[in-house]
Every structure is written in structure tokens, then in C-alpha cells.
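A.B. asks: Take the sequence shown: its letter number 19 is residue 23 in our numbering, and every next letter is one higher.
Please keep in mind that the hints were generated in silico from the structure rather than gathered at the bench. Errors might be hidden in some of the hints.
[Said to hold, decoys possible] What follows is a list of derived Cβ distance ranges for each label pair:
1) 126 with 217: 26 to 34 Å
2) 198 with 238: 38 to 46 Å
3) 309 with 160: 52 to 60 Å
4) 227 with 126: 45 to 53 Å
Quick caveat, the model's predicted, so the values are computed rather than measured. Beta carbons are placed, not taken as given, at the ideal position from N, Cα and C, and that holds for glycine.
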Amino acid sequence: MANERWLGVHFPRLKLEVCIRRLTGDAEVPVALIEDGKVLALNAAAAAAGVLPGSSQATAVGICADIVCCPRDASAEDARLSLLAEVAWRFTSHVSLAEPDGLLLEVGRSLRLFGGLAALCKEAGALYRELGHELRLATADTPLAATVLARAGTSSLQAVPLACTHLEPDAIERFANMGVMSLGQVLALPATELGQRFDPELLAYLDRLVGRVPDPQDLLVPTETFASVVHLVSSVQDGNALLFPVRRLAGELASWLASRRLGASEIVWTFTALHGEEASLAVRFARPRSDAGALFDHTRLRFEGFRPPSEVMSVSLRAESLRLLKAVTRPLLPEVPGAGIHGDSAALELVDRLAARLGEDALHGIRVVDDHRPERAWGIRHVRQMHDKGGLSRQGTLPLRPIWLLPAPEPVRRGDFTLLGECERIETGWWDSAVARDYFVATARDGRQCWLFREEKERWFLHGYFA
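Using the sequences and the accompanying hints, generate a full structural model.
C.D. replies: What follows is the structure, given as C-alpha cells:
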């Protein structure tokens, strides 16, 4: 389409970053990615120690005794790339994989929303760097061009080395023997001569690259649930060290939720030990949460009273009870402090922190029950339901009610109280425990305002106190 604009995202160190993600610490330690007994990639600390790519694992350990050697995990790389693709849905619904270490985003329809291409690229770069990835970005009119430009880290197809293209190694070698090293040199050659010397796939590739023929992409379908796992390099016995992978997973979940405008009412952590033992920790929220800080902070509070198994080897996270977040609108007039949405948010934040610190069973709300008998007109509401504003719809308003209701009515003498106002008749409960009472607001001799009722045979009872 004429308005298509493709953004290529290339992660040049994805394999190593997947390995580093398995560490339980923020300090930069020497790390080497190992494949077939050789160093495939290494971080700056390992390079500074003198380790070279291509050297054997034994040589790397001999040069740097404290180096962390991670075997390559191709399945973990694929899972990571899929997660990085899913968080890109905050920018566009047209996301494709450019395997093994890249993504393709059609952003032509999103430019106005983000304020232009430069602003969108800046936000995408910040997102992936926050998730711990180095990246290169490039834009082009065709998906293939965006991919190779991102791989090469350049803005011109003419300057792209053939090693950054998708050409087969034998074709690249044949071009090198001809003195052709860049894509610009290949595009300058006559198509007829290329067709005679190389396979037809080469011409088809060049046609898709420059847009002479369509190049449809397989768009990813969003997953409905979030589940991610970190397999640690070595077993962990210190519970505090587990907070490092917990923080990483919380950040990933926050990005995943933001891409879908969802919030999680519950998240479940699972810690798996070397010998197979598992322990799960559920963290629930009074309202759906999507910010990484809240997800981690409340997990940390719950973690203080939690005992993970010894020698933990993996930490996994899944999100439960996902809800679509409502768009927040700003009021026309200034809000009263402590009222409205900001006041509710502060109260629910306090509820979440208290529940995480004290446990969910220590915190409850109150709900209205459809029963006129005062002692049965209310019930306990679980902390997870305290954000729910649904309930019984009542017409009109109830008469004055005391703030403190006694556990059971207490017999009193009528002469010790001064009645105020008219009585309220409550007669109900014929199906299980019938009551017929005349309630009065009254003042005791010590000045306290009370709630009395009179039953048959002129028996009086004290049922509660007002503030």
C-alpha cells in the first residue's frame, strides 16, 4: 500500500541478552555465551578480561576464572523474541517476526498518534532498552528493506554489506570473488546477467527488497494470557537474590499489559527448585494494576513472609484475572483533594499495601445485604472485591443509622434514656427469625446518643451508638 511505512527492529545481542537475563544480580560480571564448546558472544566485562569470540570454553575460563559461561538456549531466544513482538502492539497491530533476531512493524497508520516517525522510534527504543536490549532501528517502504537496513545499522541500501542480507553464504562468496561486497553493487548489475549466473530466488529477493513485487508478511496474533519464565544460570538459596528475576519479570508483564491496555487483578509466581519442588505465591490487587513499580513492590511485600524452596532454578510469572483498563479523562474543574478518582486510587493503593503486608485474610470491606434486620443488613467483602462498585440498587435513603452496632442487643431500662424524634418500625424475617421492633434515637444519661428498640411486652434493648 502507498501509505505503508515499515520499521525494522534488530537486536544484535539478543542471544547474549537472553543469557544475561538469567543472572541474579545487577552488577556486570564477565559473561560468555557458549555454543558447541566455543564462545559465541561475550559482554564488555568478559572482553575487558581478554576473552575473545571463537575461543574455547576452557580457554575462556583459563583467562577469566570468574567468568559465567551460559550455554545457548535457542528455544529461550524464540520465546524472548515473541515477547518482544507482543509488547510492540502498543505501537501498531501489524507486527511480524524477522527471525532470528528482529521484528517488523508497519507504522504508517500510527504516525499521527505518536506525533511522527521520530517520536515513535524514540519511544520504541526506550521501551526495548528498558527491557534490557540493545537495538537498531531503520525505516523503509518495504519490509525487507527495513530489515536489512536495521541489521546493517545504516539508512542507505547502497551501503548495506551483503553479510547483512538474507543471501545464501555461497552466493555472498561468489559475489566476493567478483569483487562485489555491498548491496548497492548488486543492485547496479544488469538483472539479465544476474539471472544467468545465479538462482532465480536472487532476483525475486531483490524485487521484494526494492518493492517491484509485493512482499506480504505473516502478522502475529496476540496471545490472551501472559506467562514468562527465567531459568537461572545456577541455583539460588538466598531469597533476596530472587528479587532480581522477579523485578525483570514484573517489568515484562507491565510492558505486555500496556500493549493491550489491560490490568491484572492477580499475578502468580512459581519458584521451582533443582530437585523439582515448587512453591507458588499469589499477589492480588484491589484494582487491576499494570505499572511495573506496583507489580514489583506488592510482590516484594508479600515475599517477606514467603519461604521459597531451597536451590531455586527457575522463576515463572503468569497473570490472572485480566481486565481492560478504562481511559482516564481529566476533569474540567479542579478536583477536591481526597475526592474523586485520585482519592479512590490512593485508598486502593493503601488497601493493596496492607493486604500485601498483613495478608488478605486480615483485611476486609463491608457490603450491603438485602435484609432490613440491622444485624443482618451487612456482610464481609473480600479485599479483592473492594474495588467493585456493583451491588444492590436501593431507592430512596435509609433513616439515621449508628456507626457502632453492638454484637447483640442488650436489655436496658427505658427510664435511663431520653427519646428523640419518631420511631422507625422494622418488622420482617418471618421466614427464619421474625422481628417486630420499634427503633428510636435516644440520649443516655451520660450524654451519648444511642439507638434503642422496643419489642412486644414493652421490653427495651440497646442496639448501637452514634458517633
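A.B. asks: Each hint: holds or not?
C.D. replies: Structure-based check of all given hints:
1. 126 with 217: 26 to 34 Å: Taking Cβ atoms as reference, residue 126 and residue 217 lie about 33 Å apart, which means the hint holds.
2. 198 with 238: 38 to 46 Å: violated (52 Å)
3. 309 with 160: 52 to 60 Å: Check passed, 58 Å falls within 52 to 60 Å.
4. 227 with 126: 45 to 53 Å: Since residue 227 and residue 126 have Cβ atoms about 27 Å apart, the given range 45 to 53 Å is violated.
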